[in-house]
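Colleague: The residues making up each chain are set out below.
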Amino acid sequence: MNGVNKVESYEGEWMRPGHYACPGCGVAIAMRLALKALGKKTILVIVPSCSAAIAAPFPNTSLGVSGFHTAFETAAPAAAGIAHSLDIRGKKDITVVACAGDGGTFDIGLQSLSGAADRNENLIYLCFDNEAYMNTGIQVSSATPNGAWTVTSPSGSIGRKKRFMDIIVAHRIPYAATASIGFPEDYMEKVKKARTIKGLKFIHIFTPCPTGWRMAENLTGNAAILAVESGIFQLYEVFEGKRYQLSYEPSRLPVSEYLKIQGRYRHLNEDQVLRMQTEVDEEWERLTKRTKGCL
Amino acid sequence: MKKLSSGNYAVAEAVRQAKVQFIAAYPITPQTSIYEKISEMEAQALLTGSMARVESEHSAITMCVSASMAGIRVFSATSSQGLALMHEMLHFASGNRSPMVMVCVNRAIAAPWSLGTDQTDTLAQRDTGWMQFYCEDNQEVYDTVLQAYKISEKILLPSMVIMDGFFTSHFIEPMDFADDADIDQFLSGSASPDRFDIENPTYISSLVNANDYLAFKKRKFTDMEAAKEVIAEVEEEFKQIFKRSYGMVETVETNDAEIVMVTSGAMTSTGRVAIESLRKKGLRVGLLKIKTFRPFPYEEVEEALRGVRKVVVIDRNVSIGKGGIFCSEVQSAINNSSVNPLVYGYIAGLAGMDVSSGVLEGIVMEVQEKESPDRLPVWVGGN
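Protein chains in written order, with numbering that gives the first Met the number 0: chain U, 0 to 294; chain Y, 0 to 382.
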């Protein structure tokens, strides 16, 4: 049949080596861990993104489960269509998972994700956030942090990175969480938890990108951990759009510790770094109020 | 017994009777009453499947494509801007060999805005790999939706069943509705294959090299041509049960005709009246109705125009920079063929402008007088 190639799997692993990711790719790690947590009875929907490069090309695939490579802005509705079919045919034990990057989620796929979240479609949505359009060669997205270099923001992004979790939580979906490949057990537990909940589950995963962040490929894990420890990326869960629960209490290292290993922030002056620290402190206060039920 | 129904309500009834398992839709005039009627049916628990009230046509078609790839019968309906928004995913439907059926109610495309019927919306989707059936009246729309499921599920290409906004979608006509049991019999055995088998995993619509890309396209092209045979078979089977048939094209009084008028959609009904009137006046005039536009019935068109001196194609659509789209297609179909009539192009009825029998008769008289066709189409009406 057209567009179809047979795939096999390793014991307990549903993504094979030999894929097309760059060395040190955070998204490849995130996909592998998610599939380990999800297991065989999974159908993936993938959109143009680094995950699409990792999954293909024809006639090969690194995936050990079925996948559908759909259009850029359609991760959520394409997954929802499959979920409806499974529901109608009584196949309740199969999980449909939409995989998209930050561009496919924060930008072009926002409308269709919002629609799917509003209808509470039964799927897991994994957003692999590497903070720019990396698959097309490092262009700025609305997930790119303020000041960060990309090819299309050569003097630093003027955007501020959307507070995407706020947007998705406003839909009052049953489960929304953030995760990081620097904290793999926490991440996999969240994927497993999402699998048991009916409705739309959204997981925002922080996936450092050595190629786009201008850092050595052996620093992916460090960057992921430093982002969490500095408070740049917070790990938490939100249930039913209201109850916030902190997943990890960070040591609150200075933000500069995280910034200094990345070439994309090399041009920042002291004032800019200070401003970033202030913003991180404010965001942390905001999350703390929420986890204590004060906001 | 005949029952009164609008074209849109007839579509909803066909969807219910075809036991469609999933419907996704979004409101747009003049399609909306299909969506509303199906919603009412769902509320009354008359539907086999479920429904999604999506946030855009783009998501409607996306959900339909992936749901049908996952093994169920699906439906959507749209018009004009909605169809234009779906454009990207129309290619995904045919490229992934989804057998979905969609009803498109013709409406003019902005800008400027208009709600009236105009085929440019669906004809602009000509190259997306969908079968296209332009229907003349409510009965034909109803029958064609039912046939389209069987055709699409056999050939694994999607179908667009097309009707004129308001003239067909909203006009109420006496119709024959089939018994549910007869439709069960007619559609038995058809099914959409499940493409996501857990035990036999697949990766669908991957990135391919140029050679493989060509192979996929060529296969789709060949299958679209093969669809002609399937369309004929399905129509024959439909005729056995329901006693009605249409053909990919229909000819009226073409055998001895000197001039043949070519129409599609609702305008054909008016064309029939015009031909009858012109015949009474002693003109040897015939009518060729083109129902199936993709795959294009070039053999049938050639046959219908054998011995004809002049052909006049009336287009309720226009390709800016070229002319009427049916006219161009007829010209290219007879090029290098055994027939060689003069082909006259007229643009008439855009945005739902009424094209009366008198207007059509006037066009034929003009063509009769005119030695040779103009290079550019003649515009009927407008300033």
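None of these hints come from the bench; they were simulated from the model. There's no promise every hint is true.
Unchecked claim - In the DSBU-like style, the derived pairs of lysine-lysine whose C-alpha atoms are separated by at most 30 Å in a straight line are: (1) U:K90 x Y:K153; (2) Y:K217 x Y:K227; (3) U:K197 x U:K259; (4) Y:K217 x U:K90; (5) Y:K153 x U:K197; (6) Y:K18 x U:K40; (7) U:K90 x Y:K36; (8) U:K91 x Y:K217; (9) Y:K18 x U:K91.
Colleague: Would you mind marking each hint as holding or not holding in the structure?
Modeller: These are the hints, each one checked on the structure:
Annotation: proposed proximity of K90 (chain U) to K153 (chain Y) holds, straight-line Cα distance about 25 Å (limit 30 Å). A distance of roughly 16 Å separates the Cα atoms of K217 (chain Y) and K227 (chain Y); the hinted pair therefore holds under the 30 Å criterion. Note on K197 (chain U) and K259 (chain U): the hinted pairing is violated, with a Cα-Cα distance of about 42 Å set against a maximum of 30 Å. Between K217 (chain Y) and K90 (chain U) the alpha-carbon distance is near 35 Å, which puts this suggested pair outside the 30 Å criterion.
In summary, the hint linking K153 (chain Y) to K197 (chain U) is not supported, as the alpha carbons are separated by about 35 Å, beyond the 30 Å threshold. Restraint check for K18 (chain Y) and K40 (chain U): the C-alpha separation of about 28 Å stays at or below 30 Å, so the hint holds. For the hint linking K90 (chain U) to K36 (chain Y), the alpha-carbon distance of about 29 Å falls within 30 Å, and the restraint holds. At roughly 38 Å between alpha-carbon atoms, K91 (chain U) and K217 (chain Y) are farther apart than 30 Å, so this suggested pair is violated.
Proximity of K18 (chain Y) to K91 (chain U) is assessed by CA-CA distance (about 22 Å); at most 30 Å being required, the pair is judged to hold.
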